[in-house]
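Following the hints, complete the assembly by docking chains R and P onto the known chain Z.
Protein chains in written order, with our numbering: chain Z, 64 to 441; chain R, 3 to 366; chain P, 2 to 153.
Treat the hints with caution; some may be incorrect.
Stated by the list, open to error - Simulated DEER-style distance windows between Cβ atoms:
#	chain 1	residue 1	chain 2	residue 2	range
1	P	E67	R	A156	22 to 32 Å
2	P	E61	Z	S346	56 to 66 Å
3	Z	R419	P	T36	36 to 46 Å
4	Z	S346	R	P16	29 to 39 Å
5	R	P252	P	G35	36 to 46 Å
As the list claims (entries may be wrong) - Here are a few chain Z residues that face chain P, going by a calculated C-beta distance under 8 Å:
#	residue
6	L125
7	R131
8	A132
9	D133
10	W401
11	D402
12	F403
13	S405
14	R407
15	T408
16	A409
As the list claims (entries may be wrong) - Which chain R residues stay away from chain Z? Per the calculated CB distances, all over 12 Å, these:
#	residue
17	A12
18	D48
19	D81
20	R140
21	P348
In short, the hints are calculated from the structure, not lab data. Fair warning: this is a prediction, and the values are worked out from it, not measured in the lab. The beta-carbon is built from N, C-alpha and C at its ideal position, and this holds for glycine as well.
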Amino acid sequence: MTTVALDASTPATRQPVTLIDVDSHNIPGPSSLLPYLEPQWLEYLQHYGVRSRHEADIQPVLRPLACRADSVPPSGFPGSDPRFSQAQLLDEYGIDISVLNNILGQINFPGGNQPVPFSAGLQRANNDWAMYEWFASDPRWRSSICVTFEEPDLAVQEIVRCTEMSDRFVSILVSTRTQKPFGNPKYEPLFEVASQLGLPITFHPGGTAMNNSTGSGMPSYYFENHSTYPLGTLTAIASLIFEGVLDRWPDLRFVAIEAGWSWAAPFAWRLDAAADTEIVEASRLQRKPSEYFADHFWFTTQPIEEPEDPAWFVEAYDQFAGLGLAENIMYSSDYPHWDFDSPRTAIPKALPDTARQALFCDNAARFYGFGAAGTAGR
Amino acid sequence: MSVSAQGLTALRAPGGWTGPVIDVDVHVHVPSIQTLFPYMQQGWRDFIVERAVGTPPSFTTVYPQNAGNVVRPEWRPVDGGLAASSLELVREQALDAWAVERAILNCYWGIDSVRHPDLAATIARAVNDWLIDEWLDRDDRLRASLVVPAHTFADAVAEIERVGSHPGFVQVMMPVRAMQTYGRRNWWPVYDAIVAHDLVMGMTWGGTSEGPPTPSGWPSYYAEEWAGEQGVFMSQLTSMLAEGVFQRYPTFRLAVLDIGFNWVPSLMWRLNKEWKGLHRTIPWVNEPPSQIFRDHIRFTTAPLDAAPPSESARFLRWLGEEMVMFASDYPHAYPGDYRRFLDALPESARPKIMADNARAFYRL
Amino acid sequence: MKNYVVARTEDVPVGGSIRVEVNGRAYGIFNVGGTFHALLDRCPHQGAALSRGACIATIESDTPGEYRFGTSRTLIMCPWHGWEFDIETGQSWFDAARTRALSVDVNVEHGEDLAAWLHESQQTGARLPGPYIAEVHEVHREDDYIVLVLPR
Numbered sequence: 064m065t066t067v068a069l070d071a072s073t074p075a076t077r078q079p080v081t082l083i084d085v086d087s088h089n090i091p092g093p094s095s096l097l098p099y100l101e102p103q104w105l106e107y108l109q110h111y112g113v114r115s116r117h118e119a120d121i122q123p124v125l126r127p128l129a130c131r132a133d134s135v136p137p138s139g140f141p142g143s144d145p146r147f148s149q150a151q152l153l154d155e156y157g158i159d160i161s162v163l164n165n166i167l168g169q170i171n172f173p174g175g176n177q178p179v180p181f182s183a184g185l186q187r188a189n190n191d192w193a194m195y196e197w198f199a200s201d202p203r204w205r206s207s208i209c210v211t212f213e214e215p216d217l218a219v220q221e222i223v224r225c226t227e228m229s230d231r232f233v234s235i236l237v238s239t240r241t242q243k244p245f246g247n248p249k250y251e252p253l254f255e256v257a258s259q260l261g262l263p264i265t266f267h268p269g270g271t272a273m274n275n276s277t278g279s280g281m282p283s284y285y286f287e288n289h290s291t292y293p294l295g296t297l298t299a300i301a302s303l304i305f306e307g308v309l310d311r312w313p314d315l316r317f318v319a320i321e322a323g324w325s326w327a328a329p330f331a332w333r334l335d336a337a338a339d340t341e342i343v344e345a346s347r348l349q350r351k352p353s354e355y356f357a358d359h360f361w362f363t364t365q366p367i368e369e370p371e372d373p374a375w376f377v378e379a380y381d382q383f384a385g386l387g388l389a390e391n392i393m394y395s396s397d398y399p400h401w402d403f404d405s406p407r408t409a410i411p412k413a414l415p416d417t418a419r420q421a422l423f424c425d426n427a428a429r430f431y432g433f434g435a436a437g438t439a440g441r
Numbered sequence: 003m004s005v006s007a008q009g010l011t012a013l014r015a016p017g018g019w020t021g022p023v024i025d026v027d028v029h030v031h032v033p034s035i036q037t038l039f040p041y042m043q044q045g046w047r048d049f050i051v052e053r054a055v056g057t058p059p060s061f062t063t064v065y066p067q068n069a070g071n072v073v074r075p076e077w078r079p080v081d082g083g084l085a086a087s088s089l090e091l092v093r094e095q096a097l098d099a100w101a102v103e104r105a106i107l108n109c110y111w112g113i114d115s116v117r118h119p120d121l122a123a124t125i126a127r128a129v130n131d132w133l134i135d136e137w138l139d140r141d142d143r144l145r146a147s148l149v150v151p152a153h154t155f156a157d158a159v160a161e162i163e164r165v166g167s168h169p170g171f172v173q174v175m176m177p178v179r180a181m182q183t184y185g186r187r188n189w190w191p192v193y194d195a196i197v198a199h200d201l202v203m204g205m206t207w208g209g210t211s212e213g214p215p216t217p218s219g220w221p222s223y224y225a226e227e228w229a230g231e232q233g234v235f236m237s238q239l240t241s242m243l244a245e246g247v248f249q250r251y252p253t254f255r256l257a258v259l260d261i262g263f264n265w266v267p268s269l270m271w272r273l274n275k276e277w278k279g280l281h282r283t284i285p286w287v288n289e290p291p292s293q294i295f296r297d298h299i300r301f302t303t304a305p306l307d308a309a310p311p312s313e314s315a316r317f318l319r320w321l322g323e324e325m326v327m328f329a330s331d332y333p334h335a336y337p338g339d340y341r342r343f344l345d346a347l348p349e350s351a352r353p354k355i356m357a358d359n360a361r362a363f364y365r366l
Numbered sequence: 002m003k004n005y006v007v008a009r010t011e012d013v014p015v016g017g018s019i020r021v022e023v024n025g026r027a028y029g030i031f032n033v034g035g036t037f038h039a040l041l042d043r044c045p046h047q048g049a050a051l052s053r054g055a056c057i058a059t060i061e062s063d064t065p066g067e068y069r070f071g072t073s074r075t076l077i078m079c080p081w082h083g084w085e086f087d088i089e090t091g092q093s094w095f096d097a098a099r100t101r102a103l104s105v106d107v108n109v110e111h112g113e114d115l116a117a118w119l120h121e122s123q124q125t126g127a128r129l130p131g132p133y134i135a136e137v138h139e140v141h142r143e144d145d146y147i148v149l150v151l152p153r
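This is chain Z alone, in the form it adopts within the complex (with noise of 0.2 Å):
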């Protein structure tokens, strides 16, 4: 384990904030998070390896590791050089803060299939490895934290090491597809530490195969399972609502990553329906189910909408700004993977300047605190 004197707080930005990136990616290669893990996981590791099963096990994907043909550093492995990963996209698009999130921390290493412990040893040298590599290279950089969020306990420690280690871990890392709805009684300590620590909880497509990403079994191909991408988050603000969580725990937050918000309107009417309906469920809560939305959930831009006629991507805009979710979308790049979204050329024109600003900036700086922009740092 390297030691390193860091100075642990945010480092101010050296000028207005105006572009922010709420989804990019850091992602190991296998020889990244050698220092970082205890010598027993080490050789664990060495001799059984990760065998938590990836959803995308069955589809090949696009291209290697899902991503951008041009993203590959010198050593091979896209998403592994923070300085490559800083000029290729903070630099490229002036991009003044990024949020990392982890792939494998949030898909292969949360667990099952492999022993409890060894798991959480892996998301702790993810974390370090954010710590010392990313945020040591770079002011821009931030983190979601990665976890074992099916053991919600642990996760909770591991939360809390990270947020007394650096302020610059601002969310809670969870796959979109869990082993219970999101909503479920088992994840209330997480619920509870977010709450506390004012941290949102990110939603990320892909997962361990705790169950099938489909409701009627396992996709066949890449194509099938990248469009299931939205039904996880579907399921848990399904499951979020009508659990109750959100009268329970006020001051929640979730953003949904590469979810698309075009069906948050629509589901949300869903949702009112069923409330209208099932009385006697729905009568325990505090409000209507398209009433959470603007306070409880996020979502990101990337990947942009794309309707048959341009024309159509404003009026979708105005139905969800309609809902009150204007302040609820921000711009994302997934940057290195094979459907990053520029943020000079993926978002349409003729979105007005105002929708713009908000995306772009404003939203995000508001939610993660980054500090309103227009002025230095967090």
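Relative to the frame of chain Z, chains R and P by itself:
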């Protein structure tokens, strides 16, 4: 909660819709397993009595009979019997109430939850024969879906072969939760039979899959499960598209029932977008997914959900006026005011929704 | 039309590609089986550098399970979202009529001819435009050069 009642029975009230109505989804229920005895061999009647076999379990877990949306209060029989269980009831409360030209009956009775393959096949046969005897032969406005024992593909094929040519059957009911995603090639023998008999595949609410009905395990609350069922439909459509069902079967027709249509444009846009880069991995999908949807799939109006009528009209515009067919989903109590919905639509769309789209799709 | 000398042929081996800049615009030069092709190095989707993408062969199918693999690598796959473009025409696979990469004419000129060209232009005072020529001090007569033909 009675908005839907006003919406449907007000359909034909003065100032309401005066054109033809084709109702593509009227649910009917088997009163009890004894109802099916005339349609079984004595040996199976004995088997059922000895084993105390009753209503298949998924019927009541999918449709808890006292849940808010399952039966509207005014449609519950006064004698406490099962709703939608006789032609007399259904005529009075639905067929005559909105003066249908045609109605398509869907008898979801949870056969998917009968694991014993021969019992499942026996019950499926009996349900189909009951539908013919008690419904199709007694009211010529009626058409119906035939049911199949879907756990054993060969038995499903055999049942389609047995009754698929009856002129009253226009559709094969395939519940949305299934043992495998519906695109999988293992289903091909079933699709061969569906297409050979020129039937529509009706993807309906319910079913039993090998696992929970969401990607994150079992939901807790019925409302939660009801709302989230949309996800199963989304993944089944994606599967059938990706696996090339519509290329292998160029005449395939799929009706997506019980789940409305508001959610479809967002899905179509995402599938189109993904396809542009990923088609290489599914090279038989050589047209945009939205085109394939429009050529092969139709949706229904029920439930309208709580969307304002102007927003429902917007979803319809994005999807296409020919894509949606009127369904009452009788006896369910879904919110949704049909009068206001129709008023929000362009005039040209109304007859398409209320009858023409169904007449063309089902060839009625 | 103007000719711009942008590279030597040996800079772009078979199956390879490079990115060159002329007058502030970037172009991708591709060598497919010994034939050179050029596209504006900007995917019409979100602007990715097509020169960083792979040359791939066609895969066609009419029914699930059937694969007709093309034998020549005639498509460029964008390094980002995987959109495929015909290397010669720039037409996209999925929407040939309306979505395309910009295809540019490219020729191979022998060094001897270019040297003569240069000499003549030096005599007349005219300038032969070409970023590559600007970077090297002479043209090697025995080499071949890739020349882009651009509107201006």
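Okay, the hints, checked on the actual structure:
1. P:E67 - R:A156: 22 to 32 Å: 25 Å, holds
2. P:E61 - Z:S346: 56 to 66 Å: 57 Å, holds
3. Z:R419 - P:T36: 36 to 46 Å: 43 Å, holds
4. Z:S346 - R:P16: 29 to 39 Å: Check passed, 36 Å falls within 29 to 39 Å.
5. R:P252 - P:G35: 36 to 46 Å: At roughly 41 Å between Cβ atoms, P:G35 and R:P252 fall inside 36 to 46 Å, so the hint holds.
6. L125: 6 Å, holds
7. R131: This hint holds: Z:R131 lies near chain P, its Cβ roughly 5 Å from the closest one there, short of 8 Å.
8. A132: Status holds, d = 3 Å.
9. D133: Hint holds; Z:D133 Cβ to chain P Cβ min 4 Å, cut 8 Å.
10. W401: At about 6 Å, which falls below the 8 Å cut-off, the nearest Cβ of chain P leaves the hint on Z:W401 intact, so it holds.
11. D402: 6 Å, holds
12. F403: It holds, given that the least Cβ distance between Z:F403 and chain P is near 6 Å, below 8 Å.
13. S405: 5 Å, holds
14. R407: 7 Å, holds
15. T408: OK, holds: Z:T408 within 8 Å of chain P, min 4 Å.
16. A409: OK, holds: Z:A409 within 8 Å of chain P, min 6 Å.
17. A12: Non-interface label stands for R:A12: nearest chain Z Cβ at 18 Å, farther than 12 Å.
18. D48: 35 Å, holds
19. D81: 24 Å, holds
20. R140: 32 Å, holds
21. P348: 16 Å, holds
The structure meets every hint from the earlier list without exception.
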